[in-house]
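Student: Let's have the full structure, built from the sequences with the hints guiding it.
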Amino acid sequence: MAGVLDTAATVSWIRAIGAVIAEQEQHLTTLDRTIGDGDHGANMRRGFAAVTEKLDGEFADPEEVLKTVATTLISTVGGASGPLYGTAFLKGSMAVKGRAELDGAGVAAFIRGAADGVKARGKAEAGDKTMVDAWLPAAEAAEAAAADGADAQAVLSAAAAAARKGAEETEPIVARKGRASYLGERAIGHRDPGAESTAFILGAAE
Amino acid sequence: MAGVLDTAATVSWIRAIGAVIAEQEQHLTTLDRTIGDGDHGANMRRGFAAVTEKLDGEFADPEEVLKTVATTLISTVGGASGPLYGTAFLKGSMAVKGRAELDGAGVAAFIRGAADGVKARGKAEAGDKTMVDAWLPAAEAAEAAAADGADAQAVLSAAAAAARKGAEETEPIVARKGRASYLGERAIGHRDPGAESTAFILGAAE
Amino acid sequence: MKKLINDPEDVVRESVQGFGHAHDDILTVFEEPPFVIARKDAPVAGKVALVSGGGSGHEPLHGGFVGRGMLDAAVPGPVFTSPTPDPILAATKAVDSGAGVVHIVKNYTGDVLNFETAADLALAEGIEVETVLVDDDVAVKDSLYTAGRRGVAGTMLVEKIAGAAAERGDDLAAVAEIGRRVNANTRSMGLALAPCTVPHAGEPSFTLDETEVEIGIGIHGEPGRERIAIESADALTDRLLEPILEDLPIASGDDVLVLVNGMGGTPQSELYIVYRRVAEVLAERGISVTRKIVGNYVTSLEMQGASVTLLKLDAEMTELYDAPVHTAALRWGL
Amino acid sequence: MKKLINDPEDVVRESVQGFGHAHDDILTVFEEPPFVIARKDAPVAGKVALVSGGGSGHEPLHGGFVGRGMLDAAVPGPVFTSPTPDPILAATKAVDSGAGVVHIVKNYTGDVLNFETAADLALAEGIEVETVLVDDDVAVKDSLYTAGRRGVAGTMLVEKIAGAAAERGDDLAAVAEIGRRVNANTRSMGLALAPCTVPHAGEPSFTLDETEVEIGIGIHGEPGRERIAIESADALTDRLLEPILEDLPIASGDDVLVLVNGMGGTPQSELYIVYRRVAEVLAERGISVTRKIVGNYVTSLEMQGASVTLLKLDAEMTELYDAPVHTAALRWGL
Ligand SMILES: Nc1ncnc2c1ncn2[C@@H]1O[C@H](COP(=O)(O)OP(=O)(O)O)[C@@H](O)[C@H]1O
Ligand SMILES: Nc1ncnc2c1ncn2[C@@H]1O[C@H](COP(=O)(O)OP(=O)(O)O)[C@@H](O)[C@H]1O
Ligand SMILES: [Mg+2]
Ligand SMILES: [Mg+2]
Ligand SMILES: [Mg+2]
Ligand SMILES: [Mg+2]
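Protein chains in written order, with UniProt numbering: chain A, 1 to 206; chain B, 1 to 206; chain C, 1 to 334; chain D, 1 to 334.
If you're looking for bench data, these hints aren't it; they were derived computationally from the structure. We put the CB at the ideal spot given by N, CA and C, even for glycine. Treat the hints loosely; a few may be bogus.
Unchecked claim - Pairs of lysine-lysine, DSS-like flavour, derived with a Cα cap of 30 angstroms: (1) A:K165 / A:K123; (2) A:K67 / D:K141; (3) B:K54 / C:K141; (4) B:K97 / B:K54; (5) C:K141 / D:K2; (6) D:K2 / A:K123; (7) C:K292 / D:K2; (8) A:K67 / A:K165; (9) D:K40 / D:K93; (10) B:K123 / C:K2; (11) A:K123 / A:K67; (12) C:K312 / D:K40; (13) D:K2 / C:K2; (14) C:K2 / D:K40; (15) C:K292 / D:K40; (16) A:K97 / A:K67; (17) D:K292 / D:K312; (18) D:K292 / C:K292; (19) D:K141 / A:K123.
Claimed, not checked - Cβ-Cβ distance ranges computed for the label pairs, FRET-style: (20) B:D56 / C:P324: 51 to 61 angstroms; (21) C:G253 / D:K40: 19 to 29 angstroms; (22) C:P324 / B:Q26: 24 to 34 angstroms; (23) B:G57 / C:L123: 25 to 35 angstroms.
Tutor: Here it is in structure tokens:
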């Protein structure tokens, strides 16, 4: 990946997400079977397969790519993750409106928009054992890296590392949102599937 | 058992049947599960438990004992074996009407009456893989023994041995009556549960 | 064996009690002799009465079909075991209005013999009884050399249509005749993906591994004639339909009723996948599906599997099938 | 995994197609966007319309409740996955007569969010939407700290009673109000003896050994809050009833509706054993069971288990529950 995310590089990144998600479908499903209802892998695969099909089209700028991802996810994923990832990409895209390419700060703005969007839409707080626990640290890490002058790729890497750590840290806690919340103490020791898929999305370009 | 079956000895024999059947319930059920519907053990246990409860009453002669067995089986067993054993004891009892005690010939008459009754009621022939395959050779063996002057106990023993052999010989054949007939060739190699219970009934006094 | 039961010995009694309580608006349960489930308003003056019964474990058959427009009484035996003559006789006496009683009997040795005795006893008490034997299961071949075809899911169609005939006022002979006509035009065949466990047996009636299917199963957990490797729902449905269509005299232009019946443990969504294929095949052959019913009606405890039944309809059978019915398991027009 | 299916990808499509064909007298299936099951005569002039939906695998919920007196449309998502906003919006538009649409939504994050988006989009097109959230499952405690109580079997009661209110001509606010009133007076709790397998997952959602029972399961194959050693049906029923009776403000002399619901793979006979115990306990407490319904209504594929639901009735709810209904899964008075 280049130091900036132009339209083509944004498309490549999304394509890479599609590949990672397809590869990790079973893993995500297994996580979701343990503390949810076992469909997160299939949901994400279905959504990003539809997204990938749209990537052959013409896009004016990164915002348009990211908005297409958003609307496609909203209309193909369903479940909790569909509206939440839809909102993430929608609010993220709105945060980079008008930019022909995303530098480090642009990527950080996208991730912050996405993180805040997910948090607002799902009404989850940090520590509720949801994808918010990956998005929020990712946004902070991205902003810190961008402030240090990191380029697009480096900002995305910093965000991915933080998301992965955030996903891991969902393991020891009980859930307060999503299906896992029904399990009470029994969710302890298991990773949140949505936090895991967020880490895959942010890490797909690596 | 004595050389003749008086009323008390008839009651003892029936009581012994109840004990054997209770002991063999699981075995009969297993046979029936393999080529039938898995209830023969429970059916027989239910029936002879009810019969046993009736044995404390007063009986005028062996016929009355045997008729009580018949009506009790008819009204408690159900399934195919209920009416068939009911008929066996009913027709058998009619064959010994008026006898205060059964000598060898009397026992043989009972068994012949029972065998012919079962055959007529169920419309099964020898070799159809049913309890008829135990009753018919038992009747023949009983008559032969009685003709040789055997006493009640010896006649019953001869009948039991023949019934046991008849039950064994149901193994290699296909069934033409009862539930096992639905299985075609797949019934081959398995013993008919009703033939087995007939052998237990006739052998209970040993 | 894991079941929602108390003592295995009490399964039928407690279940019938619960059933009676849940449906006390349409029926009454008598516990002695055990058990008779009778229509609340029985005997209905002047009406021919219908009595059916057999082993328990096939619910909603038969108790679920007691009520206006269908059965007057049902006699549930122990699980998978025909009831004895006593309750059959009691049921027959309880519902006879003087117009006679039709016994609808599934063709199993035990059911036939016990109903036969009960009919003899009823006759001795002056009650006229006609017996309609149901034997719709084409899985049983060579019926000359067996106990004959079994009565399976088609039984509910005989009960529905004969029940409507009785309700409209047909006499004893006519009700029995239409019942026999339905049976003569009905064919069924079933399969199992997983067996059931009789409570007092405690072990499954047969075992299947993760890739096996039993074709031609009966409704008592008895194994079928053939065990094959699992195939797609469409291919399995074709295996059920083929022997039915070979046996039932039916041609392009004919009207049929399709019944896709679950064996108890099959999700409804799967039954509709089977129904979809049946409709597809019949459409290809130019046969009109004019009535259809999909659900768990004649079951085998928690067995996983399904059966397909076709009934070749005529105008009278169609009209009687459509007639109002109000039972626990079938209800329309009322 | 052994199922009567073709490709796991096609389960919902093929099942809904079969369902549509089997019930083409009362409903129409639209496949694009996938899927909308609409009442045949929708939109009904002047009538408030009811739309529900959610993941598939709970059949007959929701499609089985489409028809006169109940839902105007149902939107089945993939197995256990909420549908996306597109078909919800399509359904809303298809059934709106101008009198407005009530969305009946089970309280799961996915369902809530997708219906929310669809309602926003409908409003943007000038359609008034009221949402009734169903959250009857008392298994979920501390609801302040969770996604809140789940919507489970009580959903069918909300759909029945609100559907009858719409049918008699109530306006949008009134239909939504009675739906919320039913929900507020309904409590449910379920258990599983054996889990279910989502077709595309291929493995059971949880595993239980031969002696274990999950108490407090949801309807998506999610495990419950507690795993215990199996007990008698009566003891297990008490475990379901207790938290319901603790939570529902109910007293001696009150009227209740009892729903004993099977999870899909439970024989009917076992559901009646559970019902029997519920009736016994309520009788002891002086609570009158004035309505009762037993069967597989809100299922979890082939899961073995059951749930108990109590609805504290008032005169209006009773009258609306009794009102005629004609759907694939519930029918009376028509
Ligand atoms: N309120 C919420 N806020 C943020 N994320 C949530 C919320 N509820 C659920 N999630 C996320 O959604 C994930 C589950 O997605 P998925 O399995 O696709 O949907 P569903 O839960 O409807 O089956 C969870 O692992 C969690 O990360
Ligand atoms: N027509 C028949 N004639 C003689 N015996 C028969 C006939 N049909 C069945 N039987 C006997 O009945 C036995 C089965 O009895 P049981 O299992 O108690 O009844 P069911 O078959 O109704 O479950 C068979 O093993 C067989 O010996
Ligand atoms: Mg999920
Ligand atoms: Mg048997
Ligand atoms: Mg039997
Ligand atoms: Mg889901």
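Student: Indicate, hint by hint, whether the structure satisfies it.
Tutor: Here is how each hint holds up against the structure:
Annotation: proposed proximity of A:K165 to A:K123 holds, straight-line Cα distance about 22 angstroms (limit 30 angstroms). With a C-alpha separation of about 38 angstroms, the suggested pair A:K67 and D:K141 falls outside the 30 angstroms cut-off, and the hint is violated. Annotation: proposed proximity of B:K54 to C:K141 is violated, straight-line Cα distance about 43 angstroms (limit 30 angstroms). Our distance criterion of 30 angstroms between C-alpha atoms is met by B:K97 and B:K54, whose separation comes to about 20 angstroms.
Restraint check for C:K141 and D:K2: the C-alpha separation of about 27 angstroms stays at or below 30 angstroms, so the hint holds. The hinted pair formed by D:K2 and A:K123 fails the criterion: a straight-line CA distance of about 39 angstroms is larger than 30 angstroms. Between C:K292 and D:K2 the CA atoms are separated by roughly 26 angstroms; this keeps the pair inside 30 angstroms, and the hint holds. Annotation: proposed proximity of A:K67 to A:K165 holds, straight-line Cα distance about 27 angstroms (limit 30 angstroms).
With a C-alpha separation of about 15 angstroms, the suggested pairing of D:K40 with D:K93 holds against the 30 angstroms cut-off. The hinted pair formed by B:K123 and C:K2 fails the criterion: a straight-line CA distance of about 39 angstroms is larger than 30 angstroms. In summary, the hint linking A:K123 to A:K67 is supported, as the alpha carbons are separated by about 22 angstroms, within the 30 angstroms threshold. Of the supplied pair hints, the one linking C:K312 and D:K40 holds, its CA atoms being roughly 27 angstroms apart against a limit of 30 angstroms.
For a cut-off of 30 angstroms, the pair hint linking D:K2 to C:K2 stands: about 19 angstroms separates their Cα positions. Pair hint C:K2 plus D:K40 does not hold up; C-alpha atoms about 42 angstroms apart against a cutoff of 30 angstroms. Annotation: proposed proximity of C:K292 to D:K40 holds, straight-line Cα distance about 17 angstroms (limit 30 angstroms). Of the supplied pair hints, the one linking A:K97 and A:K67 holds, its CA atoms being roughly 10 angstroms apart against a limit of 30 angstroms.
Between D:K292 and D:K312, the direct Cα distance comes to roughly 12 angstroms. Compliance with the 30 angstroms bound is thereby established for this hinted pair. A distance of roughly 27 angstroms separates the Cα atoms of D:K292 and C:K292; the hinted pair therefore holds under the 30 angstroms criterion. Of the supplied pair hints, the one linking D:K141 and A:K123 holds, its CA atoms being roughly 19 angstroms apart against a limit of 30 angstroms. A hinted range of 51 to 61 angstroms for the beta carbons of B:D56 and C:P324 is consistent with their spacing of about 53 angstroms.
Take C:G253 and D:K40: their Cβ atoms lie about 27 angstroms apart, and the range 19 to 29 angstroms holds. Between C:P324 and B:Q26 the C-beta distance comes to about 48 angstroms, which lies outside the given range of 24 to 34 angstroms. Range check, B:G57 to C:L123: about 30 angstroms between beta-carbon atoms, so the 25 to 35 angstroms window is met.
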